[in-house]
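J.: Sequence:
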Amino acid sequence: MSTTIEEQTRFDARLPKKQKQFFERAAYLGGYRNLTEFVILAVQEKANEIIKEKELVIASERDSQIFFDAMTNPMNPSKTLKKALVDYEA
4 MSTTIEEQTR
14 FDARLPKKQK
24 QFFERAAYLG
34 GYRNLTEFVI
44 LAVQEKANEI
54 IKEKELVIAS
64 ERDSQIFFDA
74 MTNPMNPSKT
84 LKKALVDYEA
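The opening residue of the sequence shown carries number 4 in this note's numbering; numbering runs sequentially from there.
Since the hints were derived computationally from the structure, they do not count as laboratory data.
Treat each hint with caution, since some may be false.
Unchecked claim - Calculated lysine-lysine pairs in the DSSO-like style (CA-CA distance at most 27 angstroms, straight line):
1. K49 x K23
2. K21 x K57
3. K20 x K49
Said to hold, decoys possible - Listed next, with one range per pair, are the computed distances between beta-carbon atoms:
4. F26 x A73: 15 to 25 angstroms
5. E10 x A87: 19 to 29 angstroms
6. D72 x N51: 30 to 40 angstroms
7. L59 x L32: 47 to 57 angstroms
8. E58 x F14: 46 to 56 angstroms
9. Y91 x I69: 48 to 58 angstroms
10. L88 x K49: 46 to 56 angstroms
11. L84 x L59: 57 to 67 angstroms
Backbone N, C-alpha and C define an ideal beta-carbon position, used for all residues, glycine too.
Sequences and hints are given; from them, build the entire structure.
T.: Below, the structure is given as structure tokens:
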């Protein structure tokens, strides 16, 4: 059985003592095992939210640009489309 071990790294932050105590209280009241678990999960949730929102905006802007380009610069109909119109009208 093969298992892969993900490489670990440290993340340190300096903050006022009162802010740390506030976070520790929230972690305790939220049922988290410790402050680290609370911070990691909270940051992960916020990061996912930001990335999802920004990727949606980027996709929406790209889709809008494609739509408006198609509306302002329509393609000429192909021979097949012209023939289909003639056949349809006959």
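J.: Work down the list of hints and note, for each, if the structure agrees.
T.: Cross-check of the supplied hints:
In summary, the hint linking K49 to K23 is supported, as the alpha carbons are separated by about 19 angstroms, within the 27 angstroms threshold. For the hint linking K21 to K57, the alpha-carbon distance of about 33 angstroms lies beyond 27 angstroms, and the restraint is violated. Our distance criterion of 27 angstroms between C-alpha atoms is met by K20 and K49, whose separation comes to about 23 angstroms. Distance hint for F26 and A73: a CB-CB separation of about 50 angstroms, inconsistent with the stated range 15 to 25 angstroms.
Checking the proposed 19 to 29 angstroms range against E10 and A87 shows it is violated: the Cβ atoms sit about 58 angstroms from each other. Here the CB-CB span from D72 to N51 is close to 32 angstroms, well matched to the stated 30 to 40 angstroms. In this structure the hint that L59 and L32 lie 47 to 57 angstroms apart at CB is violated, the actual value being about 32 angstroms. In this structure the supplied range 46 to 56 angstroms is violated for E58 paired with F14, their Cβ-Cβ distance being about 24 angstroms.
Restraint check, Y91 to I69: a C-beta distance of roughly 28 angstroms breaks the suggested window 48 to 58 angstroms. Taken as a hint, the range 46 to 56 angstroms holds for the pair L88 and K49, whose Cβ atoms sit roughly 54 angstroms apart. Checked against the given bound of 57 to 67 angstroms, the beta carbons of L84 and L59, roughly 34 angstroms apart, lie outside it.
Of the numbered hints stated above, those contradicted by the structure are hints 2, 4, 5, 7, 8, 9 and 11, listed in ascending order.
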